[in-house]
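Quick note on the numbering used here: the sequence shown kicks off at 45 and runs consecutively.
In case anyone wonders, no lab produced these hints; they're calculated from the structure. Values in this document were obtained by computation on a predicted structure and should not be read as measured data. Please note that a few of the clues may not be correct.
Unchecked claim - Within a straight-line C-alpha distance of at most 30 Å, the following computed BS3-like cross-link-like pairs (lysine-lysine) qualify:
1. Lys443 with Lys474
2. Lys176 with Lys463
3. Lys474 with Lys494
4. Lys443 with Lys468
5. Lys329 with Lys182
6. Lys199 with Lys90
7. Lys460 with Lys395
8. Lys463 with Lys402
9. Lys463 with Lys184
10. Lys132 with Lys515
11. Lys402 with Lys453
12. Lys453 with Lys463
13. Lys329 with Lys357
14. Lys494 with Lys199
15. Lys417 with Lys184
16. Lys186 with Lys417
17. Lys357 with Lys327
18. Lys460 with Lys182
19. Lys395 with Lys474
20. Lys395 with Lys468
21. Lys502 with Lys233
22. Lys295 with Lys329
23. Lys349 with Lys90
24. Lys259 with Lys276
25. Lys417 with Lys474
26. Lys103 with Lys83
27. Lys494 with Lys548
28. Lys199 with Lys242
29. Lys255 with Lys226
30. Lys335 with Lys302
31. Lys453 with Lys242
32. Lys182 with Lys395
33. Lys515 with Lys494
34. Lys560 with Lys548
Said to hold, decoys possible - Distance windows between CB atoms, simulated:
35. Trp385 with Ile466: 41 to 47 Å
36. Ala241 with Glu570: 50 to 56 Å
37. Lys90 with Glu570: 42 to 48 Å
38. Ala285 with Arg65: 17 to 23 Å
39. Ser120 with Phe298: 30 to 36 Å
No residue lacks a Cβ here, since even glycine has one placed at the ideal position from N, Cα and C.
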Amino acid sequence: ALEQVVNQTLLRQEAQENGYRASNQEVYDTISGIAAFQKDGQFDPKTYELMLQSQRRNKSSFETEVRTSITNQQFSQAVNKSAFIPPKQVSHYQSLQNQTRDVETYTLKRSDFESQVNVSAEEVKAHYDTNKSNYMTKDKVKLSYVILEQAEIAKSIPVDNDALQLLYEENLSRFTDPEQRKLAHILVKVDENQDEAKAEEKARALYEQIKSGTKSFEELASSESDDALAAKNNGEIGLIAKGDMGPLFEKEAFALNKDDISEVVKTEAGFEIIKLIDVIASKQKSFDEVKSEVETLYRSEEAEKVFIEQSDKLQTLAFENESSLDEAADAIGTKVQTSDWLEQGMTPDPKDVLTSPKLITAAFSDDVLTAGKNSELLEIDSGTVAVVRLQEHQTPAQKPLTDVEESIKTSLLGQKLRKLLIEKGEATLKSIQETGEWSVLETIGGSADKVETLAAVKRSDSRLAATVVEKLFSMQRPEAGKKSFNNAVLPQGDYVLIALTAVKDGATEIDSSLQKSFTQMLASRE
Numbered sequence: 045a046l047e048q049v050v051n052q053t054l055l056r057q058e059a060q061e062n063g064y065r066a067s068n069q070e071v072y073d074t075i076s077g078i079a080a081f082q083k084d085g086q087f088d089p090k091t092y093e094l095m096l097q098s099q100r101r102n103k104s105s106f107e108t109e110v111r112t113s114i115t116n117q118q119f120s121q122a123v124n125k126s127a128f129i130p131p132k133q134v135s136h137y138q139s140l141q142n143q144t145r146d147v148e149t150y151t152l153k154r155s156d157f158e159s160q161v162n163v164s165a166e167e168v169k170a171h172y173d174t175n176k177s178n179y180m181t182k183d184k185v186k187l188s189y190v191i192l193e194q195a196e197i198a199k200s201i202p203v204d205n206d207a208l209q210l211l212y213e214e215n216l217s218r219f220t221d222p223e224q225r226k227l228a229h230i231l232v233k234v235d236e237n238q239d240e241a242k243a244e245e246k247a248r249a250l251y252e253q254i255k256s257g258t259k260s261f262e263e264l265a266s267s268e269s270d271d272a273l274a275a276k277n278n279g280e281i282g283l284i285a286k287g288d289m290g291p292l293f294e295k296e297a298f299a300l301n302k303d304d305i306s307e308v309v310k311t312e313a314g315f316e317i318i319k320l321i322d323v324i325a326s327k328q329k330s331f332d333e334v335k336s337e338v339e340t341l342y343r344s345e346e347a348e349k350v351f352i353e354q355s356d357k358l359q360t361l362a363f364e365n366e367s368s369l370d371e372a373a374d375a376i377g378t379k380v381q382t383s384d385w386l387e388q389g390m391t392p393d394p395k396d397v398l399t400s401p402k403l404i405t406a407a408f409s410d411d412v413l414t415a416g417k418n419s420e421l422l423e424i425d426s427g428t429v430a431v432v433r434l435q436e437h438q439t440p441a442q443k444p445l446t447d448v449e450e451s452i453k454t455s456l457l458g459q460k461l462r463k464l465l466i467e468k469g470e471a472t473l474k475s476i477q478e479t480g481e482w483s484v485l486e487t488i489g490g491s492a493d494k495v496e497t498l499a500a501v502k503r504s505d506s507r508l509a510a511t512v513v514e515k516l517f518s519m520q521r522p523e524a525g526k527k528s529f530n531n532a533v534l535p536q537g538d539y540v541l542i543a544l545t546a547v548k549d550g551a552t553e554i555d556s557s558l559q560k561s562f563t564q565m566l567a568s569r570e
């Protein structure tokens, strides 16, 4: 967080020194485009002011923040757009990026050497005596607490038919099935195999065939579309409502009349030709159809009002009566409850409010733990708040050896086993590097027959552990007819001997998609 603040400050200073500054119009355009400041899809100055007031912010400071953000973006974009890379460097990068390597590996597995290590009771005792501070019980507390949940309040909200009918009439648009359109399309993707220019050219060629009557939309949708699933059904993609697809696709799809075929359109997926097959008009649902939904909405809205009111009471009375939660609990019609033992730093359980990090942090704060006060109102989530106070405290104590000896033994066995594997692995690697032969594996009970061979391993290959792939591509290219040897230790402790047998560089012909991504990476670094 600190580094981000420093970066933004440096960026702002650099932008100012280079004469960048967002105009008033740009600031206005950005603010007016924020949905929270709009009413009926249009920027509303009153809504804007009320929203800022609710957040205790003033227009001047907010607009300064927006101007600074836009200015920083202008400067960043200027650097990004000025980045370039020579074709020779792209070619070299591609060759390295697409390089493949042939490899042989042999793994010294932990399981094969476990019988060769053991840990005595004396070693366990010595480790325990030396590291006693690592074997303490955790700080624990029992709490008195009051929890207020909006979902529970909603269950007790009284409901009558007139109130539901009124809410239904006030929210008719909410209970309307939107217009749906049955569509088909021909998609030409833009990807690493086909750049934007080629994709557009292909799509326009397909459109000309439809326009001239050479082939039908359905024929081309079945044979030429890059949407394989839709192609099986003459390009049909089913019923679409507004918001189901990207804005570029929807703008064209919802401008068509029935049986119309669009021209070539640039969309989020590539280049498309869209056909409107049918229109299913929007339909208003009756009150009886949605009565259960209306009731849920009514309970939720009414519960929110009660929740806010009771949260204020709980907060105020818990603060004013800091030595007890009884009065606060009585005021909101609930009881003070008692928790089981809770540990500092315990793992949160989404189903248990009492394990919430906010609540545990408050429980071990100075006000609660030392001063014996009620906590402040804790917002566990948007519909749950709580107040806690200390009932009982159990300080950390030394765990007896009998409670921890098995975990100590397991840990020491692991350390010894890892050390043994590395010792045997290093000795074997040295012998292999000297002889160039896998036959030396017999000295550790291994066999050259168990050496695994893989050809054309890529940098992103999943056939080998990531640690092995990383080491493989850091090894020097072997001389002709020879092998390069190295090793990698896997996270679980297995020791892998690696032989690099051959290197094949990737194609140097420039791929425009890869060049674009490489240039963007370079621009970001700059």
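Inset, instruction - Find the hints from earlier in the document that the structure breaks and name them by number, from lowest to highest. - result: 1, 4, 5, 6, 7, 8, 9, 11, 13, 14, 17, 19, 20, 25, 28, 30, 31, 36 and 38
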